[in-house]
Amino acid sequence: MNPYQHSQRWKFLLLIFAAIIATASLWYTNFLVQNLSEAERTKASVWAISTRNMYAMPDVNDEYITYIYSVRDSLKVPAIITDSKDSIIYYRGLDSTKTLYNIGGENQGANRPKYDPAYFEYQLAIMKERHPPIEIELSGGEKWYVYYKDSLLLTQLRVFPYVQLTLIAIFLGIAYTVFNSMRKSEQNQVWVGLAKETAHQLGTPISSLMAWLELVKAKFDAEDDPLLTEMENDVKRLEIVADRFSKIGSKPVLENHPVYPVVSNFVRYFKVRTSDKIKFSVTGDKTVEAQLNVPLFDWVIENILKNAANAIESAGEINIIISENIAKEQIFIDISDTGKGIPRNKFDAVFQPGYTTRKRGWGLGLSLTKRIIENYHKGQIFVKDSEVGKGTTFRIILKSSLTYEPAKI
273 MNPYQHSQRW KFLLLIFAAI IATASLWYTN FLVQNLSEAE RTKASVWAIS TRNMYAMPDV
333 NDEYITYIYS VRDSLKVPAI ITDSKDSIIY YRGLDSTKTL YNIGGENQGA NRPKYDPAYF
393 EYQLAIMKER HPPIEIELSG GEKWYVYYKD SLLLTQLRVF PYVQLTLIAI FLGIAYTVFN
453 SMRKSEQNQV WVGLAKETAH QLGTPISSLM AWLELVKAKF DAEDDPLLTE MENDVKRLEI
513 VADRFSKIGS KPVLENHPVY PVVSNFVRYF KVRTSDKIKF SVTGDKTVEA QLNVPLFDWV
573 IENILKNAAN AIESAGEINI IISENIAKEQ IFIDISDTGK GIPRNKFDAV FQPGYTTRKR
633 GWGLGLSLTK RIIENYHKGQ IFVKDSEVGK GTTFRIILKS SLTYEPAKI
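Just so we're aligned: the sequence shown equals residues 273 to 681 in this note's numbering.
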C-alpha cells in the first residue's frame with residue numbers, strides 16, 4: 273500500500289469512528305428525551321386530574337386542599353385544559369403578561385398585563401401539534417382535554433447534542449488545522465534542508481564530469497561527436513536539476529519568456545530520451561508570453577511528460593497545444609496523451625503527495641508540479657479530461673504577460 277492509500281485508509285477509519293461517537297451521543301440523548309417526555313406527560317395528567325378534583329371536590333379539610341394545590345402548582349410544563357369545544361378552562365406555565373383575565377378596575381395603568389386571546393389560540397395550536405391530548409372523564413359524561421408542550425429543559429436537551437457536536441467539530445477542525453500546519457512546516461524544513469544538501473553534493477561530480485568531457489574532446493579531437501554532445505547535454509541537465517534543488521525553499525525569480533520555445537526546447541530534449549514509439553508534437557500560438565522561472569517550469573513539463581510516457585504501454589502520442597484566452601489574459605497549455613487514462617474520481621487525487629499507480633513510484637511528481645504552478649507561478653493545473661483506455665489531457669493556465677486594450681470604435 274502506497275503512502276496516499278495508507279493515509280486515505282486512516283482518514284476513512286477516523287471518519288467512521290467519529291460517526292459512531294456522534295450516533296451514540298444522539299441515540300443516548302434521544303433515549304433521555306423520550307424518558308423525560310413520558311415523565312412530563314405523566315405530570316401533565318396528574319396536574320389535570322388535580323385541577324378537576326378542585327372543581328368537583330366536596331367540602332374537605334384544609335390539609336387536603338393544601339395537598340391538591342401543591343400537586344397542581346408543581347407542574348412546570350406549559351399546559352392548557354379545554355372542553356370539547358376548545359374553550360379554555362384552565363392553563364399553566366404561559367406568559368403572564370398576556371394571560372390576565374381580570375382586566376376590570378384593578379391594575380389600571382399603561383404597563384399592566386393584558387388578556388390576549390390570539391396568544392391563547394396560538395399556544396393551543398402549538399400544543400395540539402406537539403402532543404396528542406390527555407382525556408379526563410368528568411361526571412355526567414363530559415370530557416376535558418389536556419394539551420401541553422415540552423418544557424424549556426426538554427427543548428434544550430433536544431438541541432444540546434447538536435450544539436455539543438458542532439462545538440467539538442469546530443474545536444477538532446481548528447486543532448487539526450494548527451497541528452497539520454505545524455507538521456507541514458516541519459516537513460518543509462526537512463525537505464528544504466535535504467534538497468539544498470543534495471544540490472551541494474551534486475556540485476562536485478557535475479563539475480568533474482564537465483572537465484572530463486572537455487579533456488576527452490581535446491584528446492580525441494571530437495568537438496562535433498554527437499555522442500559527446502548528448503553526454504554534455506545530460507551533464508547540463510544535471511546542472512539544471514541541482515539548480516532546481518538549490519532553489520527549493522526560496523522565492524524563484526520570474527522573467528518574461530515566450531512559452532512556445534520554452535516548451536519546444538524541453539520536448540526536443542525529452543523525446544530523444546524516451547521510446548521511439550511515442551510521437552511528440554507541439555503546436556499553437558508561438559507569440560504568447562508569461563512570467564516564468566524556466567528551470568522550474570521545465571520541471572513541470574518534465575513531470576507531466578514522464579507520467580504521459582509511463583501511461584502509454586506501447587506506441588502512442590503526446591500532443592501539446594498552446595493557446596491564449598485574450599479576454600481573460602490567460603495562456604492555456606494542454607498536454608494530451610493516448611495512455612491508459614485516469615478514472616474521474618481520481619482527478620484530484622493524482623495531485624496528492626504519495627498517490628501513484630506505479631509499484632516503484634513515490635507519488636511526488638504531480639504534487640511538486642501543482643506546487644510550482646500554483647505557489648510560484650500563480651497559475652492553475654488540473655485534469656481537463658480523461659477517459660480510461662483512451663488517454664488524458666492536463667491543462668496548465670498561466671497569466672499572460674501581454675495586455676490588450678479594447679479596440680476603439
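In short, the hints are calculated from the structure, not lab data. A few of these clues could be false.
[To be verified] Estimated spans, in silico, between C-beta atoms of each pair:
hint : residue 1 : residue 2 : range
1    : Met503    : Asn537    : 10 to 20 angstroms
2    : Thr476    : Ala599    : 12 to 22 angstroms
3    : Met503    : Lys578    : 49 to 59 angstroms
4    : Glu589    : Ile293    : 16 to 26 angstroms
5    : Ala290    : Glu585    : 38 to 48 angstroms
6    : Lys578    : Val660    : 38 to 48 angstroms
7    : Ala441    : Val660    : 29 to 39 angstroms
8    : Ala599    : Asp497    : 29 to 39 angstroms
9    : Asp515    : Gln461    : 15 to 25 angstroms
10   : Ala599    : Pro533    : 22 to 32 angstroms
11   : Gln461    : Ala441    : 24 to 34 angstroms
12   : His472    : Glu585    : 49 to 59 angstroms
13   : Ser522    : Ser479    : 44 to 54 angstroms
[What the hints assert, rightly or not] Dumping the calculated SDA-like pairs for lysine to any residue here, alpha-carbon to alpha-carbon at most 20 angstroms:
hint : residue 1 : residue 2
14   : Lys543    : Trp571
15   : Lys415    : Ile321
16   : Lys519    : Ser457
17   : Lys600    : Lys543
18   : Lys558    : Val488
None of these values were measured; they are calculated from a predicted model. Glycine included, every Cβ here is placed at the ideal spot set by N, Cα and C.
Here is what the structure says about each hint:
1. Met503 / Asn537: 10 to 20 angstroms: Distance hint for Met503, Asn537 holds at roughly 18 angstroms.
2. Thr476 / Ala599: 12 to 22 angstroms: About 51 angstroms separates the Cβ atoms of Thr476 and Ala599, which means 12 to 22 angstroms is violated.
3. Met503 / Lys578: 49 to 59 angstroms: violated, 21 angstroms
4. Glu589 / Ile293: 16 to 26 angstroms: violated, 52 angstroms
5. Ala290 / Glu585: 38 to 48 angstroms: Holds: the Cβ-Cβ distance is about 42 angstroms, inside 38 to 48 angstroms.
6. Lys578 / Val660: 38 to 48 angstroms: 20 angstroms Cβ-Cβ, so the 38 to 48 angstroms window is violated.
7. Ala441 / Val660: 29 to 39 angstroms: holds, 36 angstroms
8. Ala599 / Asp497: 29 to 39 angstroms: violated, 51 angstroms
9. Asp515 / Gln461: 15 to 25 angstroms: The hinted range 15 to 25 angstroms holds for Asp515 and Gln461, with Cβ atoms some 21 angstroms apart.
10. Ala599 / Pro533: 22 to 32 angstroms: holds, 25 angstroms
11. Gln461 / Ala441: 24 to 34 angstroms: The hint (24 to 34 angstroms, Cβ to Cβ) holds, given that Gln461 and Ala441 are roughly 30 angstroms apart.
12. His472 / Glu585: 49 to 59 angstroms: violated, 39 angstroms
13. Ser522 / Ser479: 44 to 54 angstroms: violated, 22 angstroms
14. Lys543 / Trp571: Between Lys543 and Trp571 the Cα gap is close to 15 angstroms, so the pair holds against 20 angstroms.
15. Lys415 / Ile321: Status holds; Cα separation ~12 angstroms.
16. Lys519 / Ser457: holds, 17 angstroms
17. Lys600 / Lys543: violated, 33 angstroms
18. Lys558 / Val488: Judged against 20 angstroms, a Cα distance of about 39 angstroms means the pair is violated.
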